[in-house]
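**Student:** From first to last, the protein sequence lines are chains A and B.
For reference, each letter of the first sequence is one residue, going 0 to 132 in numbering that gives the first Met the number 0.
For reference, each letter of the second sequence is one residue, going 0 to 321 in numbering that gives the first Met the number 0.
I should point out that these hints are in silico values taken from the structure, not numbers from a laboratory.
Possibly wrong hints are sitting among the right ones.
Using 27 Å as the maximum straight-line C-alpha spacing, the simulated BS3-like pairs for lysine-lysine come out as follows [stated by the list, open to error]:
1) 104(A) x 141(B)
2) 49(A) x 163(B)
3) 141(B) x 10(A)
4) 141(B) x 53(A)
5) 53(A) x 315(B)
6) 128(A) x 141(B)
7) 49(A) x 109(B)
8) 10(A) x 128(A)
9) 103(A) x 108(B)
10) 109(B) x 10(A)
11) 162(B) x 109(B)
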Amino acid sequence: MATEEQLAYAKLLDIGMKAGLLMLVITFAVYVMGILTPYVPVNDLPNYWKLPVKQYLEVTHIPHGWAWIGMLGKGDFLNFIGIAFLAGVTIICYVRIIPILFRKKDTIYAVLAILEVLVLTLAASGLLKSGGH
Amino acid sequence: MLKQYLNVLLLVVVFLTLLLTGLVLASSEPAAAAPMTANSSIPWWAWPLILFVVTFLLGIVAVLGGVGGGVLFVPIIGGFFPFHIDFVRGAGLLVALAGALAAGPGLLKKGMADLRLAIPVAVIASSCAIVGAMIGLALPAKVVNISLGGTILGIVVIMLMAKKSEFPEVKQADNLSTALRISGIYHEASSGQDVNWQIHRTPQGLATFIIIGVMAGMFGLGAGWANVPVLNLMMGAPLKVSVATSKFLLSITDSSAAWIYVNNGAVLPMMVVPSIIGIMLGSIVGVRILARTKPAAVRYIVIAMLLFAGSRALLKGLGIWN
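The whole structure should be built from the sequences, with the hints applied where relevant.
**Tutor:** In structure tokens form, the structure reads like this:
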């Protein structure tokens, strides 16, 4: 009852989900134990988490978008590896099923899957910035 | 079963130990000079710890009450914790996403979630979730809280009044679902029979997902509360297929919205990670005890919680209850 592409998607999703959760647990342990110094000192967090995000970014001088990649040496930003992985695993699963759909000549769904990859990649790209308030 | 409970308990203990170890190490460091006054009597680590415990309980209640994590997380955490609603929504989306990613593989493998049904819906919902997220982050907190409060109260009405149809009568599949070959067979465990299903009102259903996608992105709610009635009552998919496909669909819709919050800085690891782990451990426990509870009773508890949390958000936005 589950098609070939559905099973392929499920298998990759299972692996990706477990890997992402494991990354989160490990990086969070590094963060709370202070193995890597965080960018925002943990004692200062209560000052910041009550602020609107635009103000938070201004006072902490944290850049937008994918700049966190350059900050992985900081205990708090290291967690973005797991967060980004969990948010991105769906893209990988869609890419996995596109060749299967084309091989089965299921062109409409192959095109829909490509569209979805484009939508998720656009969201992930960091090109779409909110105006903030 | 005892061994599984012990495993979950062990994970909870390990996580709490990590958090407590962190606070001991952090409290031994000299206090950083804060740019703003922070005379709270509650230490920084207390809130993530409380968050973990609360989301653990929410995870149990969500499973028993048949709701997703996001719809409980955002109004409750947003209403009663000191975190700004921007960060609460970012965390809410990641919490709902994590839950959907965890459930997705099993539901797909069993054929309960249907990929052919999900794919066209997901393109619409995920695109609109991006729009919703961008609008949501641009709105002032007051407006978000008023809209969120109103939406949650609307969800309460839907939950109270919407009927569920286990096997909707779909006399004939419509042209669009036929062209897309959206139909299937799933094995109904309670009767031991295979159930053939098809859907109708596909264009109307897809159009409704525009609104659902925008709201999911705007409020960080995850949208399972809306997916299921549309798939089940409007489009005619069997209830179990609707619930399973909705859960899987969240992993796609919430991925796109979550990226907007991540890239706009509205995600704090100290909030997100305890929440994800708390709600997932709670969900595991909830699934284990589901067989022994009365779902109707728990559902009314969930509805009462949402009524309270939704009212809180609305009154907070109106400045009546700060």
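**Student:** Against each hint, give a clear statement of whether it holds in the structure.
**Tutor:** Results for each hint:
Taking the CA atoms of residue 104(A) and residue 141(B), the gap is near 51 Å; set against the 27 Å cutoff, the hint is violated. The hinted pair formed by residue 49(A) and residue 163(B) fails the criterion: a straight-line CA distance of about 40 Å is larger than 27 Å. Under the criterion of a C-alpha separation no larger than 27 Å, the hint pairing residue 141(B) with residue 10(A) is inconsistent with the structure, at around 43 Å. For the hint pairing residue 141(B) with residue 53(A), the CA-to-CA distance comes to about 15 Å; that is within 27 Å, so the pair holds.
For the given pair, residue 53(A) sits about 21 Å from residue 315(B) by alpha-carbon distance, which is consistent with the 27 Å threshold. Taking the CA atoms of residue 128(A) and residue 141(B), the gap is near 21 Å; set against the 27 Å cutoff, the hint holds. Only pairs whose Cα atoms come within 27 Å are accepted, and residue 49(A) paired with residue 109(B) is rejected, the gap being roughly 43 Å. In summary, the hint linking residue 10(A) to residue 128(A) is not supported, as the alpha carbons are separated by about 33 Å, beyond the 27 Å threshold.
Under the criterion of a C-alpha separation no larger than 27 Å, the hint pairing residue 103(A) with residue 108(B) is consistent with the structure, at around 20 Å. Annotation: proposed proximity of residue 109(B) to residue 10(A) holds, straight-line Cα distance about 12 Å (limit 27 Å). A hinted pair counts as satisfied when its Cα atoms are at most 27 Å apart, and residue 162(B) with residue 109(B) qualifies at roughly 26 Å.
When each numbered hint is compared with the structure, violations occur for hints 1, 2, 3, 7 and 8.
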